[in-house]
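With chain A fixed as given, assemble chain B onto it according to the hints.
Here the protein sequences come in this chain order: A and B. Residue 189 in the numbering used here sits at position 189 of the first sequence, and the numbers go up by one each step. Position in the second sequence counted from 1, then plus 1000, gives you the numbering used here.
Note that these hints are calculated values from the structure, not bench results. Cβ atoms here follow ideal geometry from the backbone N, Cα and C, with glycine treated the same way. Don't take each hint at face value.
Distance windows between CB atoms, simulated [as the list claims (entries may be wrong)]:
1. Asp196/A - Arg1204/B: 40 to 48 Å
2. Pro249/A - Asp1174/B: 27 to 35 Å
3. Gln52/A - Asp1174/B: 23 to 31 Å
Chain residues, written in single-letter form:
Number of protein chains: 2
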Amino acid sequence: MARPLILISNDDGLDFPGINMLIDIARALGEVVVVAPMEHQSGMSSAITILQPLRAMKVAQEEGYTAWCVSGTPVDCMKLALDQLLGGRRPDLVLSGINHGYNAGISTIYSGTMGVVFEASLRHIPAIAFSHGAIVKDIDFTPCRPYIEDIIKRALVRLDVLRDVCLNVNFPCDRETYEGMKITTTAQGHWEQEYDHRIDPHGRDYYWLQGKYVSDDPADDTTDFYWLHRGWVAVTPCRVDQTAHDAIPSVTSLLTD
Amino acid sequence: MARPLILISNDDGLDFPGINMLIDIARALGEVVVVAPMEHQSGMSSAITILQPLRAMKVAQEEGYTAWCVSGTPVDCMKLALDQLLGGRRPDLVLSGINHGYNAGISTIYSGTMGVVFEASLRHIPAIAFSHGAIVKDIDFTPCRPYIEDIIKRALVRLDVLRDVCLNVNFPCDRETYEGMKITTTAQGHWEQEYDHRIDPHGRDYYWLQGKYVSDDPADDTTDFYWLHRGWVAVTPCRVDQTAHDAIPSVTSLLTD
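Next up, chain A with everything else stripped away, as it sits in the complex (with noise of 0.2 Å):
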């Protein structure tokens, strides 16, 4: 093709180290427009905007690359960037992250990182996601650039394939060197002792979200996190639609039988 247009976001801003890696992959390969959240925008899951208007800041303008901030969540960069600040062009290939922090397991749902790309698959707009297990900021992305490359590449000259499945490509923390890429499912778990109870100096009560995520299927070897802990990048292809179709016999004999 000729040079693709790649639109890319995230749910931390611009000024993470995980997005610039992204672009700096990305410009290499095509046209970039970055539109992404001026505020740190975790736990977004696919929330929108509706009451409060939106803005958007155009911060950099050269040949192939532009980038926007905009204020609002990860889905809202992703609808205004395709409605309104691409001028009607629409991306060969949306990419996501590179998120400090998993996005992996049933914590996907509330995932930003994940809502951007769920926004492009419902548009039929192959869509990649990318995450990394530390959660901190200064994170070594080195190992993870020949597998973000190759991944991109290939996508780029199958592009059918993703017409409506996301891929949410997860990299191991703590790693120097991966053992290699496994295509996975979501691992099913639950969180305990979500929140931490405390007093303010008022004597009220508030409650800040902790919680530890407990995996419900740790020796199911399809799982992401499975083969994350052994140091394997995994890639989950996913859908939005989240229709229960083999519940639909099940649940029509509970309602009208």
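Relative to the frame of chain A, chain B by itself:
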């Protein structure tokens, strides 16, 4: 069973008629605890509050009925209820709504009403969301009542069916009676003209979300919107996990061949 424990939330807060209809129906069927957002939370999807603490305020307590308001998103309400406010008790059933406005078609990914039931479902708690197509505050919910009572009663005697599948129930607008109930799938669609681009008094651009939803599969007689537009109550079984199991072979081929 003994009198079941029913946990109720929504995305609009306690001063909306929809949730009060649901509370009224549920109180006849079990012990009811309501944990609803303090402020309007439309479009919050499965967003969670990470960077700020939450507050909870008990606003009602009488025999068999307790109500709280929480300073967060619909999913925050669920998490705080299950981890703290219910004192360790596990609800038999979670209800969400009745939302004023459809949560049908692929827009369900933005829905806080659905965020509530997904949060329950990932903990294997049976959960049902109810939404009404009218977007005004003053809706006559009388025609919905027998359907809601029937669905809840059937669910309470067969909770096993809903262990990993939640229900998304929508009522058509502009109808005084319904044709009946259909078990449906999520309609695919897209939005057109998503933003109203305006100029503020200082000459700067801003963007309001608006948009018109256009169905991509209007002739598909399995979908929620197909039947809603024909006067039927639509019930779509949903699942939290978005793994595209059927795409694993094609993605494996894409990334490893």
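Verification of the supplied hints:
1. Asp196/A - Arg1204/B: 40 to 48 Å: 41 Å, holds
2. Pro249/A - Asp1174/B: 27 to 35 Å: Check passed, 31 Å falls within 27 to 35 Å.
3. Gln52/A - Asp1174/B: 23 to 31 Å: Holds: the Cβ-Cβ distance is about 30 Å, inside 23 to 31 Å.
Violated hints: none; the structure is consistent with every hint.
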